[in-house]
Every structure is written in C-alpha cells, then in structure tokens.
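4 protein chains.
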Amino acid sequence: MAGSKFAYVKGFEIPDPLLPETFLVCRLDGHAFHRFSDQHDFVKPNDERALKLMDHVAKNLMSEYKDIVLGFGESDEFSFLLKKSTKLYNRRHAKILTTLTSYFTSCYVFLWSQYFPDTPLRYPPSFDGRIVVYPNERIIRDYFSWRQADTHINNLYNTVFWALVQQGKQSTTEAHATLKGTVSATKHEILHSRFGINYNHLNERFRKGSVIVREELSPDSSLTHTETTKTLADGCSDVEATNDPPVVKKKSTFKTMINILHCDIIGDEFWNARPYILSQ
Amino acid sequence: MAGSKFAYVKGFEIPDPLLPETFLVCRLDGHAFHRFSDQHDFVKPNDERALKLMDHVAKNLMSEYKDIVLGFGESDEFSFLLKKSTKLYNRRHAKILTTLTSYFTSCYVFLWSQYFPDTPLRYPPSFDGRIVVYPNERIIRDYFSWRQADTHINNLYNTVFWALVQQGKQSTTEAHATLKGTVSATKHEILHSRFGINYNHLNERFRKGSVIVREELSPDSSLTHTETTKTLADGCSDVEATNDPPVVKKKSTFKTMINILHCDIIGDEFWNARPYILSQ
Amino acid sequence: MAGSKFAYVKGFEIPDPLLPETFLVCRLDGHAFHRFSDQHDFVKPNDERALKLMDHVAKNLMSEYKDIVLGFGESDEFSFLLKKSTKLYNRRHAKILTTLTSYFTSCYVFLWSQYFPDTPLRYPPSFDGRIVVYPNERIIRDYFSWRQADTHINNLYNTVFWALVQQGKQSTTEAHATLKGTVSATKHEILHSRFGINYNHLNERFRKGSVIVREELSPDSSLTHTETTKTLADGCSDVEATNDPPVVKKKSTFKTMINILHCDIIGDEFWNARPYILSQ
Amino acid sequence: MAGSKFAYVKGFEIPDPLLPETFLVCRLDGHAFHRFSDQHDFVKPNDERALKLMDHVAKNLMSEYKDIVLGFGESDEFSFLLKKSTKLYNRRHAKILTTLTSYFTSCYVFLWSQYFPDTPLRYPPSFDGRIVVYPNERIIRDYFSWRQADTHINNLYNTVFWALVQQGKQSTTEAHATLKGTVSATKHEILHSRFGINYNHLNERFRKGSVIVREELSPDSSLTHTETTKTLADGCSDVEATNDPPVVKKKSTFKTMINILHCDIIGDEFWNARPYILSQ
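Chains as they are written, first to last, in this note's numbering: chain L, 1 to 280; chain C, 281 to 560; chain U, 561 to 840; chain G, 841 to 1120.
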C-alpha cells in the first residue's frame, strides 16, 4: 500500500489506559468565560439562563454517556463522575477526555439559542477538561464536597460583592476592599443589614450548584414523572421541574431518569438515598 | 476556609507535561460521522460544503492558536502541528488537547449554518482528539505524508465505489465486490473506461486534502492578498481564493496570513518553500 | 555559573508521582535466573539455600524501608506491598522503584557467601522490577492470592517433573510429555504411587512460598522472641526460627518485628489476624 | 487453572513504552553515599579506588548492554546514553531502568573487594536511577556538557575545601566560609599561592570525570590494543591503560572495544572523532 512506508509514525502513539476499578472524574471549565460572560451580557452575580444552559448540556452528556453516574455544576464548570467499573473506550484517557469535552462543547453551542434567544453568540465558546483518577468512595465524597463548598464560598462572596456594586454604588475596587478579610458571618450580616437580603432564601441553584443524577426506577414502577421525582428526591429540598421531558431509558427491566437537583451533597443524606452512585 | 479540608483531593491531579522541544501533532476525528453525514445528507463521495466547513474551522483554530504552524485535513479528520518550541499552557497535555478539541468543535457548530444554510443540525456533532509527540523533522514529514497518502487511497476508492453505485447502478455490496483486491491502476481504468472520469482532473481538494498553512510575509511587503498568495504558493498548483478575508497579523514587523491549499506535501517542494514550519 | 547554560536539560525530567492513597506493589524478578541457577548448581526443584537467601534479602529490605508492610516470595521473585499512605520519596515512581531494586540486588550479592559459602559468585546477578498501583484492599488480597496460587502450580509441576527426571530416569523431554495436560490430582498420584512422595508433607517453604510480615507487638509486651512469634503466627503452621536476631524497632510505644512465614495467604485467617497490613 | 480467577490483577500493569527514536539517558546516583564514603574511609576530596571501581562497573554494564554507546561518571554518579534506535526490552521504561540499575549495583558489590581489598563492605550500598528522554543530538551534547561542567565545579570547590581543611588546618565551617562567594579564579589562586597546587596539573580523572566509550575498530584493523587506543583517542589527552583486558567484540565484521577516557566532552573534538555515538 502506498501509505505503508509512512505508517510507522503510528508507533509514536503511546497507550494511555486509566487505572482499572478506579473512579474517574472529568471536570470541564469554561475557557476565558470572564470575557465570554461580559460579551454576552450575563447577569451578575448569577445568570440563571447561563446556569440552566449548563445544566441542560450536562444532562445531555449524561444521557449520551451512560457510565456517567453523577454531575455537579457551578458557574462555568461541571464535574462528571464515571462509575469505577466503566469500560468506556477501554478506559483510554485521551479518548474519554476529548469525547466528553467535545460533546459538552457542541451541546453548549447547539442549545445556546434556546436559553439566549435574543443574544446571538458573538464567537465560539470553549472549555478545557481534565480527568482525575480517584481510588475510593470516601475521596469521591470529598471531591464533590470540595466543589460544593467552593460553590458556597464563591457565591456568597459574589452575592455581597455585586450587591455593594449594584445597589451600594461602590466601585468594584471599593467592593473588593470592603470584603477583604471578612468571614462568612460578616458577609451574611452585610447582605442582611444593608440590602435586606437573607442569603439562605436565595435560589438554591445559586447556593448549592446543580446536581445531575441518574435515578433508578423500580422495575414495576408505574409512577408518573412528577411522582417519581418526589419519591426519588430524598435529601434534596427543591427538585426542579424541567421543561424538557425526562430521559427515561430501559436497562434490562430497570428504568432510569436523569434529574437536576440543587441540594446538599456534603452530608450523608443524598448519598444514602442513592447507594448505586458509588457502588458500581 | 470551609473548603480547605477537602482541598487535598486536588493532590490527585497528576502533572502531565509533554516532552520539551518536540513537535506536537494534535489529530481530531469526527465521532460517528458515518451516521452524522447520512443524517445531514452529505454528498457522496465528497461533500464540498462539509469539507469547506472543516477548512474554515481549522483556519479559525490556527488563527486563535498561533503556535499551530500547519494543518492538514481530509474527510472528517484534521491534524495540527504545533511548533516544537511551543510553550502553550506550559505544554500541559490535557490542557492543550482539550482546549484545541473544544474550540474546534465549537467552531464547527458555530459555522455550520454558513455552509449548510438549508440543513439545520439535527443533533450536536463531536470530535475526539489525541496528541502525539514526534522528536524530529523527518518524522513530521513522514506523518503528513502518511495522512496525505491515506487521503489519496481513500478518495480513489470512494470515487470509484460511488461511481459504480450512483452511475453504475451497483448495490453497495456489489461495488465493494467489484473493487476487492484491485490495484490503483485498475481503479483509474474503471473510472476512465466505464464512467469517462479522469481521476487526475477531479477537484484537488478531494484528491490532496486541505493544507492550512501560516505564511510569513516579508516586513516590507506591499503585495495585495492575491499577489501574495501567488508568490507564496510555491509547490502548490491550486491556491484557493477564499471568500472570507485573509487573517493578517502583525508579529514584530512580520505579517503572517493563513492560507488554505490543496497541494502535494509528500515531496520536498512544499517544505523547501516554507522552512519556517519545521525550524521553529 | 559555568554549568548554567546547560542546566535546561534538567527540564526534560518529567515528574512521575504515583496516585495518592493507593497500594503500591513492587515486584522484583531475577534476570535470566535459569542460567544463573545452572551456573551456581542450584538444587532442583528447589534450592533451600537460594530461597533462604532471597528471604533474608527481603527481610533486610523491609527492615530498611518501613513502609513495606508485606513481602511474598517464591523462586527468584519477590513482591513487596507498600502501605497506601506511604509518602516514601513523595511517591516518585522511578525513585522508589530503583531504590528498592538496587538495595535488594545489593543485599543479594552482599549476603551470597553466607548461604553459598562454597560457591563463589561467577558473575553479578541482577533483577528487574516494576511497581503496580492497586486501588483497594480486595484487589491486594487477590494479588497475593495470584502469586501464591502460582507458587503452588509451579512447585507441584516442578516437583513431579524433577522426580521423573532424577528418580524416574526420564529425559526432560519425556518428563514434560508425561505431564502434558495432567490435572493436579494426577500429579499428586504420580508422586505418591511412583515415588512414594506425599506432596502435602513437603517443606512448606516450597509449597507456600515465603511471607515476610512486619508484626506489631503490643506496647507492654514482655514476651520473648519465640513466644511472640508463636502468638503472632495465627493462620500459619510453620513460623520459622531464623538465625539472625529479630529486627525489633520502636515506633512511638509500639514495637514491630519482621517474621518469615510459610503459610496460606489466600484464605482470610492470615489477614484477619493482621488487620494493620491493609488498613494503613 | 487455579490461579486464573486472580489473574485479572495483571490488568493493572500499565504499559510504559518510551517514545521511539529518541535518545535515552539513564543516570544512576549513589544512595546516601556521603555516609557510605565516610564509613568506608574514602580519601578526600577524591578516592581514586572508588572512582576506578565506578569506571569498572560502568564498563561492565556497557559490555553487557550493547545499546549503551557512552557513559560519563563523576563521584558517585554515572550517566549512560542509549542510542536512539535502541529496541532494548521494546523500550519498556521500568524494565530498562531497573535492569540497568540492578546490574550496576550488583557489579559494584561484586567488584568491591578488587578495589578495596582491605576494606570489607560494612553494609550493602545502593543506587537510585532515572531515565530521561531527549529528542535530539544537540541536547544530548548539552546534557553531557552539563554533567562535565558540574564535575569541574564540584571538583574545584572540593579540592580547595579539603586543602584548607587538611593542609590549612581550617575547620570545615571555616573552609566553607573562606570559599563562600568566591569565583573560579580566586579558587585557583588560593590553591596556587597557599598550597602550591596547580589545579590544571591534577589528575584528569578528578578534573574531567570518566568517559566510557565504545570505540569501533575498522574491519581490517590489525593494530594492537595500545596502538588502537592511541589512534582512537582523538580529542583526549590521557587514555588510560586499564589492567583488565579490553572488551573486544565482533559485530558483523566490525570490532568494538570499550575505553575509559578522561577528556573534554564539552568541545567538538571528542564528538567529531566519534560520529557514530549520536548517529545511530
């Protein structure tokens, strides 16, 4: 064959299997989204349209890749947990990483106009990704606790910051100065006393991030979507009614559906109600 | 900080620097594009709209990432060469790989309607990617020869195959059987005698693939785009006049532009005319 | 500094940390020991001197590297388990691997004459090594079961094989032919009926391999070495009285000693009696 | 087979091929040799017996592993260059690294008494090792320049330091203080004016380190060892007459021998006289 004398170059492709029987977390981050959010007039401190778009994209990714058992998103980042037994692409690192990153990106652009009907994309957004290998359940729990604690910290800061700027008429420099070194309680106090905002009453999507979870339905389940959701949402106070229809799939006799929640995942309740997330 | 007791999970992120002073080739491939091309009615054996879209996307990627000095595309795949001195993202493997894959994908969806105005995307397309490290110029030459030889082999086969099916009224099974074991000369002969097609007169884009190259203009160049292109296109017989304006950038006193060519890159002429591709 | 313009070459040293909180197994194998054992007149099928030398070397390695919590040896190979919390050399792969391999080799040559006083080394023996990362306790159990099952299979085969050759006067070719396709029971039967050997009465060192274990003594222990050993040897039928004094170390108030056992490690008894091996 | 249900643990052994067509440098370092040299009464600043032992070991390693084309040693470290085309152990990282480290260590202990007949080894010495991948000739030149520049810097410092201590009766603290911040010329001056030592007349082994090189003899060579050495030693002023016989091997019609030199390898002369080192 004409190409055969060059084909040796394939020998430079080094195999990159990920360690078997370990959990894989794929985390995607918006690339230069500070600029992207400015250019597309995202509402500060949280743009609900942008967050819902991210959630929808994440749900699509989990619908396409069944071995993702959990997603957690905040701001312009999303983490996805692949079950430890996954054999996706024979656990080839680059193949899994790029396929997930690419499909996520594609969905983001594809679905954009659904959430921003009046704001055409000015340029193509992109995401970077990484896969981290974790050996056991405890560390996975800590990983997701880490992300949700980060959500809380960032959102509290940003909420006070933008209140100072938007309602308090401080410059951004002044607002940063006001907040410098303040502890959490002080930030709550500023919000409450100066702006009449009770932080704990704010949208849970902002405070808790988004938890995308594949729920298993019992084989003989004849429940409707709404009922099912109520049944399954143990440990979550605000299961969201999404406009798009639930993704209901058959797997042998089990059905699963993908739900978007905004609940605590640091405590045990969420996990105890869904032992299948970490056991597979 | 609230999150600090969980932050140890970051310690599981293993550094992944790529070997310094080596060439990096990033190759992207369409994911399940056989189905994608069917669902979007791509013309067989080559859909010029789809190929031009790929070229445009590749050009955008090279415009955004200056360290890419060469691109080569065929069908639903594209290879990009990063200069060996690149310090992009400190040569972190996953960061480079995912950023390029994501931006490429994003541009593909973003630009789709420009090339398929009457064919809305039915679902989000995606690409997988890999980075291969190559130690020297000779192997890089062989890498690109490998891809262009592959273009030739595939295109010749596909051209005869679809002529047998579309004009010869063979079933796809019959067409495969007709071609089984035939050498290149036989395929040329079938095309010529049965369908009056001189393979060598077919569109060079189909026969040679697309070569996207960042050309350096001399500092005092006052040439117009068209003239410049003619001057620079040594070794290529059909520099393409693109509709979108050339990307002309300043780098110190040098200007560069990104051109799309469909020329031979197996022989020396292309490379001798552009020593800067491999020397950086 | 004179050397500074060359120091950039250090930048090609790629960091190689092993995944945190995973068990590390370092397995060493004799290099070309078939020839080595011939050249040094090892007794077939098992040379007790050679096996005791290996055990002594392994014990020395574990005495020097405290994070090794278990060793298992058979023939010319030894596996060492590093506790999952080990921070040895910051878990740098090559550093750990080469240091253990080198020290093991060095001890082997250093101690040779103690076990082969009348057989000078004819040339320097060497070992290769590898480190394998395992995520959890269950797989570590299976790893050591794998090695001990291998010991059994090899030793049974070799025992019959050499009986056929040495006592049965078969050629090695004939002996292989006799054994071809035989199951375990047949091999036992040949040993018993033709050579009067009850396999289960053979030296446990040969049948079970060597288990080197760091035993923890209770803080207030005033037991003598022999008594302690008896107490600790739960699950093992033949704790060996070694000539060299036990290695007794203080760690806070705990004392540990390294014992050489030849017991079953496939069942639960060994592990249940020593929970600290897998828990650290 | 009895072991088969456990054999899955082999699946955790991740392949580790080194990039093809790149130079491999394996560098070995004595482990805790500061203590080792104290315990074995090494002469300061250089112990010729210890250095000759290292050279002999290196020569043995190169005699055993033909793909090593160059060695460079100083103090307790040695670097070995494997030719870029090497297929040794299919370029498996851990296999090459541990085999070389183990054999080097083994030879060191094996040959010890030949160089230290009156100083028995008090404990087993060990070495750590690493393999670094380098893409081209220029960087290999710089690598060896880096090591030889280091030899010079260290040796000049140590020579003055020990002169101050041994002849100048300074304490080690005082000697370090005397040298702090001094440039090279000052150190030469101290040696000359205070101790009558012309640094450039000192043993080249100390000043240049040891260069172990496999020399190719022409096919029809009928030269004696001594003559050959003279012929081949271009670029080196002090080819050493070794007591052990030269290693002369046949490779097709070529013969090679391994020589120990103490010459400059920073300039071009050494390399120009031996183009085969970097060309293979």
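Where hints are given, some of them may not hold.
[Said to hold, decoys possible] The calculated label-pair distances, taken between Cβ atoms and stated as ranges, are:
id, chain 1, residue 1, chain 2, residue 2, range
1, U, Tyr568, L, Glu174, 51 to 57 Å
2, G, Phe1035, C, Ser284, 16 to 22 Å
3, C, Ser284, U, Arg595, 56 to 62 Å
4, C, Tyr288, L, Glu174, 32 to 38 Å
5, G, Arg1034, C, Glu417, 22 to 28 Å
6, L, Glu174, U, Lys570, 43 to 49 Å
7, G, Tyr963, U, Ala737, 24 to 30 Å
8, U, Lys570, G, Gly1036, 19 to 25 Å
FYI, nobody ran anything at the bench for these hints, they're computed from the structure.
The beta carbon of each residue, even a glycine, is placed where N, CA and C say it ideally should be.
Confirm or reject the claim that Tyr568 of chain U and Glu174 of chain L have a C-beta distance inside 51 to 57 Å. Given range 51 to 57 Å: violated, Cβ gap about 46 Å.
Do the Cβ positions of Arg1034 of chain G and Glu417 of chain C conform to the proposed distance bound of 22 to 28 Å? 54 Å, violated
Can the suggested window of 16 to 22 Å be confirmed for the beta-carbon pair Phe1035 of chain G and Ser284 of chain C? Between Phe1035 of chain G and Ser284 of chain C, where Cβ atoms are some 57 Å apart, the hint is violated.
Is the hinted range of 43 to 49 Å satisfied by the C-beta distance from Glu174 of chain L to Lys570 of chain U? Because 46 Å falls inside the window, the suggested range holds.
Between Lys570 of chain U and Gly1036 of chain G, is the Cβ distance one that fits in 19 to 25 Å? 37 Å, violated
Does the Cβ-Cβ separation between Ser284 of chain C and Arg595 of chain U fall within 56 to 62 Å? The hint (56 to 62 Å, Cβ to Cβ) holds, given that Ser284 of chain C and Arg595 of chain U are roughly 57 Å apart.
Could you see if the CB distance from Tyr288 of chain C to Glu174 of chain L stays within 32 to 38 Å? 35 Å, holds
Assessment of proposed distance window 24 to 30 Å (beta carbons of Tyr963 of chain G, Ala737 of chain U): 49 Å, violated
Checked against the numbered hints given earlier, the structure breaks hints 1, 2, 5, 7, 8 and satisfies all the rest.
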